[in-house]
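Undergrad: Listed below are the residues making up each chain.
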Amino acid sequence: MMSALKTFWAMFGLLLIASVSCRAENCPWINAATAGGALGGTVTAKLVHTSREDVTCEFRLGRGNDVAILEIAVHTMGSPAQDFQSYRSTCSSAATPLRGIGNEATECTSIDQRGTTTEQIVARVRDRAFILKWTFPPAGDSIRVLSRDELQDTIRNLAEQVAGSLF
Amino acid sequence: MPCAEGYWSIVSPLALQSSTIHKQQVRQKVQMEMDHNARKSRWVVSLVFSTAVVAGLSFLPLGTHAISAQAGQQQESVPAQPQTYPDRRIERQEYIQAEPQPKTELNAERKEYADKVRQSYNFSVMKGNISLPGNAEVEGDDFIQPGAFPNAKYCGHCHQEAYHQWRQALHSNSFRTPFYRTSVNIVMNTKGIQFARHCDSCHNPIGVLSGGLTQESIVDRKFDQDGLTCTTCHSVQKIQSTIGNGAYVLGVPAVTTDAAGKRIPGEVPYADILAHPDWHARAVMQPFYRTPEFCAACHKANLPTPLNGYKWIRAFTAYDEWQNSKFSQRNPLTFYSADFTTCQGCHMKRAPNTLPEPGAKNGTFVSHRWEAGNTAVPFYYGFDEQLQKTIAFLRSGNYLNVDIFALKIAGQDEMIAPLGTRPFKLQSSDVVQALVVIQNKNIGHSLIPEVRDLYEAWVEFMVKDSAGKEIYHSGFIKPDGMLDERAHSFTNRPVNTDGVFVDNHKVWTIHSVAYDNTVAAGRSALVRYEFKIPAEVKDAVTVTARVNYRHLRQSYTNNVLGKDHPDYPIVELASRTRTLKIGDNLPTPPDTGDNSDWMRWNNLGIGFLDQLQYSDAIHAFQEVTKLRPDYADGFTNLGLTDIEWEKFSDAHANLEKALKLNPESARALYYMALIERRFSHSEAEVADLRKVVEMYPQSRDARRELGISYYQQDNTKLAIEQFEALQTIDSDDLAAHYNLAILYRRAGMKEKAKRESAMFVTKKVDPGAPTYSLDFLRKHPEISTESVPWHLHSDLVQESTIQSGGQN
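Those protein sequence lines, which keep their order, are chains A and B.
By the numbering used here, the letter at position 48 of the first sequence is numbered 37, and the numbering carries on one by one without gaps.
The numbering used here runs 84 ahead of the 1-based position in the second sequence.
Check the hints yourself; a few may be wrong.
Footprint (simulated), chain A over chain B, 3 or more residues, beta carbon under 8 angstroms [claimed, not checked]:
id	segment
1	260 to 268
2	396 to 409
3	539 to 548
4	645 to 653
Treat the hints as calculated values from the structure; they're not laboratory data.
Note that the structure is predicted; figures quoted are calculated from it, not measured.
A virtual CB, placed ideally from N, CA and C, is assigned to each residue, including glycine.
With the hints as constraints, model all of the structure from the sequences given.
TA: Here's what the structure looks like:
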């Protein structure tokens, strides 16, 4: 009887540990519903801890080549004045400075040879930089088609939320 | 606004009541008569109540004599009446109020949504309550889809001026601004996101009511950028009471109704609105939107026990400050009078609209900028138009008066006052004390209101020689952007249990307030500066006193943005400069903005009174009566000071003079009632207070005192009526809770008594709290003198005074 009880508690403990450790971790910067709202459907999410404090979140919508991706990479900078320059340099010279997102922010667009568009905002909140990338193919059945204005409104709103989480 | 981009001006003066150093603030809060009662009153109720409050007893003392309803002795009661506004104060109602939707079943879409949210919602604060520790409610009492709220762009399609203004105003940025997010993130990251419902009930109602503030949120937060959007305020159907913390009840948002007046939820085609603009108006407007009570839903806040795990603490209450101001015309005890003005009267003034606006009337539209003191937010977002209008607002309105009132020259007994009215002589090497009076003249709330731990207003005082060389400077900004710590600032210092200033607005850690030097509406602060005229100065010096304002303390802005941010605006609110010649000074004509001499003396008297310097206050008010022998309030002020000084016979004589000049002076009658009580003239006391209540049915002080008077007459029924009326005016009044607990119990209403007892215990002061304040002041000698009502700002070291230890 005692042994059965011990086994029960051992199993219960293992189950508890498993349930806790298997519980999906949420992106600390924005939730999946918000990412899904921007991309236009239910998204899958992936988190990567790049350091003890920093997390990169990736939200995907679609399949195969017909995929839109929203990636938020947050980095803690040892020397913000210098380090942020290198993050900002990932935007081309056509970057647009933005006001009202973190301490400072810029936005830029790039289109590769296959027609894949990447809308990107690089911003800083105190000593943390984040890069918000929205990548989507030229067109596709499962991809939400946005006008340029809608795209900018949406990604800036998302960047504002990421910055808000970092404040 | 609770918990805001800088919020919480914790005002818990009762917590400090046992400390004499805080008596000034205590008096401002509880009004004169409470102090009076707190002293030696021999009547049971006031003594028991006062003792309980002063000592912070943790139990309910029982009265010493039985009280029963005495039907035979009942007098005609004066029930509390809802505030009625004279016709001239009401705009013509051009719509019929829509009927709120009856509480019916949720529609299928909302029910499905609510059921889904509920599955993972963290109800840890209170099972079933979606907004605690905030008070927000929505019709149907369940989660509502964010999509049920038509967004601001939908409204802005037609209401272009409103949209344009709102987008730059603090209300639209109530959530997203970094100054708020930094604060609320700390709540979320340390206590849990569910506790942010307390703040977001006002800062992000859609976030709260949609169930977005939970760990496993399934809510798309795209609405965050709009904060208080059009359809949050314009969906409010009811104000729960004036308890604040988001004490509104939203209807399901609707922008039109059917012909019968039933609200039609959600967006409708613009053509439908244009076809029936009256239906649109009755869906989105309510008469109470024009009342201060509407603003009170959020511009009054407390820290409830579920948030701080400690006890109920008043956070701020701009609403009560307004109600106690001259602008409400509800308080007979104000020093001055004014036309009735609501919050909206100052912060939503009509102005010509430049963009199309169907809500405009005769080319003007009520401001949806809510110009106030919010300069940091438009500065951050680059909303220059909003920033300039805010600065213009702060400098308009004759809100403050700065008066370099008097000089005292060391070695001379006589005070040179009021400056400008009489000749005097000044010499090189004189040590001069300047008395500066700052009058909160036309602000309908305190200077500064609400989030006093973050907002910053202070006196900058400068003395320069004729070449512009600085002789003395207090209230300067240091190279790192921080304010001179010895400046006289109109601020407070909330502290935690370690006696440490709560720098980052962690309001739930606040247990006490080390000091609160804000100036209540209509009152005046007396600030003293001492400087020495250098021996080499032979011609003249200029003396300037100005009140500066910065939206947020530098250390808080540093917390939010790091230290590498640009300089945030500092706005001069008011100033006065005088030139003092070395040698003979003749009288000079007043400046345009100067108060008349009797008012200058009156303000000085108020300043002395608030600093407990009764003899000086009497002298100042006597000067008022000399200059204005027809001015009844001059004698009332003398009477009031006498009461404070416990010279009751003198008070009686002065109040009689006041009543002879103006027999209908509610203010004089009120204080006379207190004297009558002192003299055991119970019937006269009640008669006077009844007159005051008839003239001012919403006077909390008169209701409170009349309740006490009836209590003392063993008239339970009428006493209960008064205290219940008092609770409709101020639901947090401690005296009402305390006395009702006793009265209900004696009347056999045990449940009600139990509730009032509980409320009293919850809201009464923690007697241990002042120890944290003293701990803080001990650690900070550089500013500890700010907690002393009488203090002097000086760079001169007075070794002899220090060494004497006050013994010679």
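Undergrad: Decide, hint by hint, whether the structure agrees.
TA: How the hints compare with the structure:
1. For the segment 260 to 268 of chain B, the stated coverage by chain A is satisfied: 4 residues place a CB nearer than 8 angstroms to a CB of that chain, which reaches the threshold of 3.
2. For the segment 396 to 409 of chain B, the assignment as covered by chain A is violated, since 0 residues bring a beta-carbon within under 8 angstroms of that chain's beta-carbons and 3 are needed.
3. Restraint check on the segment 539 to 548 of chain B versus chain A: 0 residues with Cβ-Cβ distances below 8 angstroms, three needed, restraint violated.
4. A stretch counts as covered by a chain when three or more of its residues have a beta carbon under 8 angstroms from one of that chain; for the segment 645 to 653 of chain B and chain A the count is 4, and the coverage holds.
Checked against the numbered hints above, the structure violates hints 2, 3; every other hint is satisfied.
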